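Could you put together the complete structure from these sequences and hints?
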Amino acid sequence: GDSVTQMEGPVTLSEEAFLTINCTYTATGYPSLFWYVQYPGEGLQLLLKATKADDKGSNKGFEATYRKETTSFHLEKGSVQVSDSAVYFCALSPRGQNFVFGPGTRLSVLP
Amino acid sequence: NAGVTQTPKFQVLKTGQSMTLQCAQDMNHEYMSWYRQDPGMGLRLIHYSVGAGITDQGEVPNGYNVSRSTTEDFPLRLLSAAPSQTSVYFCASSTWTDQETQYFGPGTRLLVL
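Heads up: the sequence lines are chains G and B, in that order. The opening position of the first sequence corresponds to residue 13 in my numbering, with each subsequent residue numbered one higher. The opening position of the second sequence corresponds to residue 72 in my numbering, with each subsequent residue numbered one higher.
Treat the hints with care, as some may be off.
Pulled from the structure, derived: some chain B residues nowhere near chain G, Cβ distances all over 10 Å [what the hints assert, rightly or not]:
1. T86
2. A95
3. E101
4. S104
5. G111
6. A123
7. N136
8. E143
9. D144
10. Q170
11. P177
12. G178
Restraint ranges, calculated between C-beta atoms of paired labels, are given here [claimed, not checked]:
13. B:D109 <-> G:K80: 42 to 48 Å
14. B:P154 <-> G:P52: 39 to 45 Å
15. G:D14 <-> B:S89: 31 to 37 Å
16. B:L184 <-> G:E88: 39 to 45 Å
17. G:P22 <-> B:R180: 16 to 22 Å
18. B:L182 <-> G:D14: 28 to 34 Å
19. B:T91 <-> G:A29: 16 to 22 Å
Everything labelled a hint here was simulated from the structure, so no lab data went into it. Quantities reported herein were computed from a predicted structural model and do not represent experimental measurements. Beta carbons are placed, not taken as given, at the ideal position from N, Cα and C, and that holds for glycine.
Structure follows, in structure tokens:
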């Protein structure tokens, strides 16, 4: 079946450092890909998404590109802030079907 | 517009007890779902509903029941709680035409002793 693999962390960075969180997937067909973020004590929020190969999703300085050839959707940000500390989930959605989530990556940004 | 609300925020149960986790949304969303979140496993789908009166099983439905009598509410019932059901439970909703944009509630943390 479909699955998502991502680095579990925790990832600890200093403020203004570059962030990469790796995500790879296994799926039949051409799913949409997502990054969700969960801030402490809150539910998940959609951060960005991409619906087809080579699409780049972006939001709040975060970016991820849908790479079909490497089945990857790595999350990047050029300069992280303390407020970016959260758990980040990579997910996929086969067309018209339910989501499959990765295990989440906890990010801590130190001042 | 409160979005997706869940009650309670935290609950402790003894093995064998029953309880209902409440979920409500005020966005007139047709699609609603329940997930459980466990360390190292991400979110797993328990049950979902595509509209009032229609429910279906997800990846991990055993031990849970659901019903959808109204568009707004989608309660999750644990008939006989087990320690394996200790988890954080999230409810989510979306429109039928844009299921890729899910709105999540704040979660219910459940501890079964």
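Quick rundown of the hints versus the structure:
The beta carbon of T86 of chain B sits about 27 Å from the closest Cβ of chain G, which is more than 10 Å, so the claim that it is off the interface holds. The beta carbon of A95 of chain B sits about 14 Å from the closest Cβ of chain G, which is more than 10 Å, so the claim that it is off the interface holds. No Cβ of chain G comes within 10 Å of the Cβ of E101 of chain B; the nearest lies about 13 Å off, and the non-interface call holds. The beta carbon of S104 of chain B is not kept farther than 10 Å from every beta carbon of chain G, the shortest such distance being approximately 7 Å.
With a least CB separation of 5 Å from chain G, G111 of chain B falls inside the 10 Å interface cut-off, contrary to its annotation. For A123 of chain B, the non-interface assignment is confirmed: its Cβ lies about 19 Å from the closest Cβ of chain G, beyond the 10 Å cut-off. Under the 10 Å C-beta cut-off, the non-interface status given to N136 of chain B relative to chain G holds; the minimum distance is some 18 Å. The claim that E143 of chain B is not at the interface with chain G holds, since no C-beta of that chain comes within 10 Å of its own (minimum 17 Å).
In this structure D144 of chain B is separated from chain G by more than 10 Å, as the shortest Cβ-Cβ distance comes to about 17 Å. Not every CB of chain G lies more than 10 Å from the CB of Q170 of chain B, the least distance being 7 Å, so the non-interface label is violated. The beta carbon of P177 of chain B is not kept farther than 10 Å from every beta carbon of chain G, the shortest such distance being approximately 5 Å. Interface exclusion of G178 of chain B from chain G breaks down, the closest Cβ pair being 6 Å apart, not more than 10 Å.
Between D109 of chain B and K80 of chain G the beta carbon distance is about 30 Å. The supplied range of 42 to 48 Å is therefore violated. Look at P154 of chain B against P52 of chain G: about 25 Å separates their beta carbons, and that is not inside 39 to 45 Å. Checked against the hint of 31 to 37 Å, the C-beta distance between D14 of chain G and S89 of chain B comes to roughly 33 Å, which is consistent with it. At roughly 43 Å, the beta carbons of L184 of chain B and E88 of chain G sit within the given window of 39 to 45 Å.
Checked against the hint of 16 to 22 Å, the pair P22 of chain G and R180 of chain B passes, with Cβ atoms roughly 20 Å apart. In this structure the hint that L182 of chain B and D14 of chain G lie 28 to 34 Å apart at CB holds, the actual value being about 31 Å. For the hinted restraint 16 to 22 Å between T91 of chain B and A29 of chain G, the CB-CB distance of approximately 45 Å leaves it violated.
When the structure is compared with the earlier hints, violations turn up for hints 4, 5, 10, 11, 12, 13, 14 and 19 and for no others.
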